[in-house]
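Chain L is already provided as a structure; the job is to place chain V on it using the hints.
In order, the protein sequence lines correspond to chains L and V.
If you're matching positions, the first sequence starts at 10 in this note's numbering and goes up one per residue.
If you're matching positions, the second sequence starts at 10 in this note's numbering and goes up one per residue.
Calculated from the structure, these hints are not laboratory results.
The list treats identical chains as one, so a pair stands whether inside a single copy or across any two.
20 angstroms max Cα-Cα, derived PhoX-like pairs, lysine-lysine:
(1) Lys-393 to Lys-105
(2) Lys-105 to Lys-15
(3) Lys-15 to Lys-79
(4) Lys-204 to Lys-224
(5) Lys-41 to Lys-393
(6) Lys-392 to Lys-105
(7) Lys-105 to Lys-388
(8) Lys-186 to Lys-215
(9) Lys-414 to Lys-388
(10) Lys-201 to Lys-215
(11) Lys-388 to Lys-420
(12) Lys-171 to Lys-201
(13) Lys-105 to Lys-17
(14) Lys-17 to Lys-79
(15) Lys-385 to Lys-105
(16) Lys-422 to Lys-434
(17) Lys-417 to Lys-434
On a predicted model such as this, the values are computed, not experimentally measured, just so you know.
Number of protein chains: 2
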Amino acid sequence: MKTFIKPKILQGTRDFLPEDMAKREYAMNKIKSAFINFGYDSIQTPAIEYAETILGKYGDEASKLVYRFKDNGGRDIALRYDQTVPFARLVATNFKNLPMPFKRYQIDRVWRGDRPAKGRYREFYQCDVDIIGTTNLLAEAEIAGVIAKVFTTIGFENFTIKFNSRRLINNILDSLKIPAEKQSAVIRILDKLEKVDRKGVIEELKPLINESSAKELLDIVSITGTTEEKLKLLDKYETKEIREFFSLARLFNIADKNLLFDPSLARGLDYYTGIIFEVFFPEVAIGAVCAGGRYDDLCSLFCPEQFSGVGVAFGFDRIIVAMEELGLFKDLTLNSQVLVTYFDDSTLATSVKLLSEIQQAGINAEIYFEPAKITKQMKYADKKQIPFVVICGPEEVSRNEVTIKMMKTGKQKTIPQNQITNYFKGYSEI
Amino acid sequence: MKTFIKPKILQGTRDFLPEDMAKREYAMNKIKSAFINFGYDSIQTPAIEYAETILGKYGDEASKLVYRFKDNGGRDIALRYDQTVPFARLVATNFKNLPMPFKRYQIDRVWRGDRPAKGRYREFYQCDVDIIGTTNLLAEAEIAGVIAKVFTTIGFENFTIKFNSRRLINNILDSLKIPAEKQSAVIRILDKLEKVDRKGVIEELKPLINESSAKELLDIVSITGTTEEKLKLLDKYETKEIREFFSLARLFNIADKNLLFDPSLARGLDYYTGIIFEVFFPEVAIGAVCAGGRYDDLCSLFCPEQFSGVGVAFGFDRIIVAMEELGLFKDLTLNSQVLVTYFDDSTLATSVKLLSEIQQAGINAEIYFEPAKITKQMKYADKKQIPFVVICGPEEVSRNEVTIKMMKTGKQKTIPQNQITNYFKGYSEI
Chain L
10 MKTFIKPKIL QGTRDFLPED MAKREYAMNK IKSAFINFGY DSIQTPAIEY
60 AETILGKYGD EASKLVYRFK DNGGRDIALR YDQTVPFARL VATNFKNLPM
110 PFKRYQIDRV WRGDRPAKGR YREFYQCDVD IIGTTNLLAE AEIAGVIAKV
160 FTTIGFENFT IKFNSRRLIN NILDSLKIPA EKQSAVIRIL DKLEKVDRKG
210 VIEELKPLIN ESSAKELLDI VSITGTTEEK LKLLDKYETK EIREFFSLAR
260 LFNIADKNLL FDPSLARGLD YYTGIIFEVF FPEVAIGAVC AGGRYDDLCS
310 LFCPEQFSGV GVAFGFDRII VAMEELGLFK DLTLNSQVLV TYFDDSTLAT
360 SVKLLSEIQQ AGINAEIYFE PAKITKQMKY ADKKQIPFVV ICGPEEVSRN
410 EVTIKMMKTG KQKTIPQNQI TNYFKGYSEI
Chain V
10 MKTFIKPKIL QGTRDFLPED MAKREYAMNK IKSAFINFGY DSIQTPAIEY
60 AETILGKYGD EASKLVYRFK DNGGRDIALR YDQTVPFARL VATNFKNLPM
110 PFKRYQIDRV WRGDRPAKGR YREFYQCDVD IIGTTNLLAE AEIAGVIAKV
160 FTTIGFENFT IKFNSRRLIN NILDSLKIPA EKQSAVIRIL DKLEKVDRKG
210 VIEELKPLIN ESSAKELLDI VSITGTTEEK LKLLDKYETK EIREFFSLAR
260 LFNIADKNLL FDPSLARGLD YYTGIIFEVF FPEVAIGAVC AGGRYDDLCS
310 LFCPEQFSGV GVAFGFDRII VAMEELGLFK DLTLNSQVLV TYFDDSTLAT
360 SVKLLSEIQQ AGINAEIYFE PAKITKQMKY ADKKQIPFVV ICGPEEVSRN
410 EVTIKMMKTG KQKTIPQNQI TNYFKGYSEI
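Chain L extracted, bound-state conformation (with noise of 0.2 angstroms):
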């Protein structure tokens, strides 16, 4: 007996059938239209790289999840982690020839040999865009339109993006006497708060900063009202690049209601130095669907030249989840917009012909590959989403006609051959 290999895929990776790539096209080109309009250009690095690259920035806790292997010739290489890391080394190489400052977008895959779990995948795609060469703020205001940009664009009116400056952070860290080397590790439990609630980060804060500093601390980052209220509290911690920031932002058509300063929100990672920002939908529980900011010095791993950046990454999986909850693909078909049948061998030189010609006019058909049952080319094209059929009989070719039936409400009418384009040309939904 003939034995099969069992079809099966890694957990954490997934198939995407033609439904699910025409969700995930039309996201994905939405983004793209965005970072075109505030003129990204993108580049591409390669999926595979040498491990010492790739691992380079990385703690041991990350580098558990990088994909790691020998290649035939000895070589240690491992799958993209992220596409900061390779942006870096591709800059390094390259920042002679770039224009400076250099804007650039990157949607590509990544790897990461994670626990998979709802919404986390071992092989999901970042979508990335950066500006590098530049300190001015003009490019933090940006970057906040483009996200604004990026939402709007697809169809989002609630979204929220939350900003602070590392610096303010730093500030108050200071003003309270906590030393330079244990902010970092404050830091990073503080970005636990809209997870772990004001208790925990206290319990976690203990070992390293007294309990009444860091309520104190907790209290400082609390504190609500509007941004101007927020920010004159906040004032005796320098203010001066949060409020040039936020009126810059204001030029970019962001409405109000869509851009927040929370003096809470910290960042997990050391390598921000200024503005940061995390995206959240206030509709879909799904945590923050873009996120990043201001660094200092993106390629100090690779050479001495220095080049300060600021740049977001958007989780494209935790976008089209929001998306699915908020019926954000509610008219999206698949490609074929009309199916010619295929009556019989007679006829099947003006079925041809007549594809051609809606081909021709820009309109994407198809036609049916076997003189089947009519019956069954139409179940074809109901399971396609295809929304008119083009019949065309021994009758109708006779007469130099053609039939045209509407799949949505069962309509046909028959037309002069002549006028197929023109007919498919009048319906706005092609």
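Positioned in the frame of chain L, the structure of chain V alone reads:
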């Protein structure tokens, strides 16, 4: 002294900078649009799969080229080697829910640990298009139509779609009394005729068949003339399938010069069973840029259900090389069409306002990030190939005007600010 990681990439892999990506995305979008115009939908499979799946089909020679490793859980994993095997695995899992016939395209990376050489990479793209679930020759004809559509859409005028049938070759080999069990090996050698020449092929055939049979075989498959003349000469080996394919293919708007019956075309892979294709650019010595054919049983590794199909893969990197050589990227620009200058802080608000208006009119535009000297900002526009610079200094702002510089000609024009979007909409190149 600080040491740096050398910013190098693996041989056979590549970084793509904005200029490269503009070309690659342009070509890829053209290829996609041709697939979509024929009603193909896309699918995506993971880059990493169980090694058992990826290796299933290949002989020892190819499996040496597969990137294979153990993950942290000890699973035996491989990087995708081609798109056919993962497609077969996906169909075996999902065929009950797929429309049949099923038409899909798939454009993605594959990895091969091959010795890198000019035009041979370890990480590269394949563009696959297949129809499964029908044995009707209309499917082969449509694939020929898709090939023609892809290349004409990209802008190629001279391309040759060579076709033949495996059945015809088998019949010729039968008539020469070459036993069935030797025919695959003979076909694999015949496939080298383009590269090795007649003498070399006869030499390689000697261990398998006697020299006079080898010469007779080459005489038969090397006949010249029109398609009709060749078919007449070969009628005794049964040419019904080829005749039928040829007449169907001609319905699909393929220029006669683009379609060539070549009885010597063999294709190396065992799994083809009917019509086979290879496509060449006569003006560019780069080998086949597209190849494929009819196969009988896509999923035989994974399930007992049989799926016959026909499909081809386009060699994306070779197509890019040919487009370069033939100047098909001539008028391609990067994304940004307009640079708005940043004069000083008093004019910045107006600059950003104009930027937003231009962007919202659907024109890709950006602002310079620093109040640098105007010559520096112009240099930046030059480097990014930005055709228009919008100058918005204190004098312009005081008069509600703006000055537009066309970078190609150096000409400047001052217009009222509220006419800015109309101005750009008038340029067809935007």
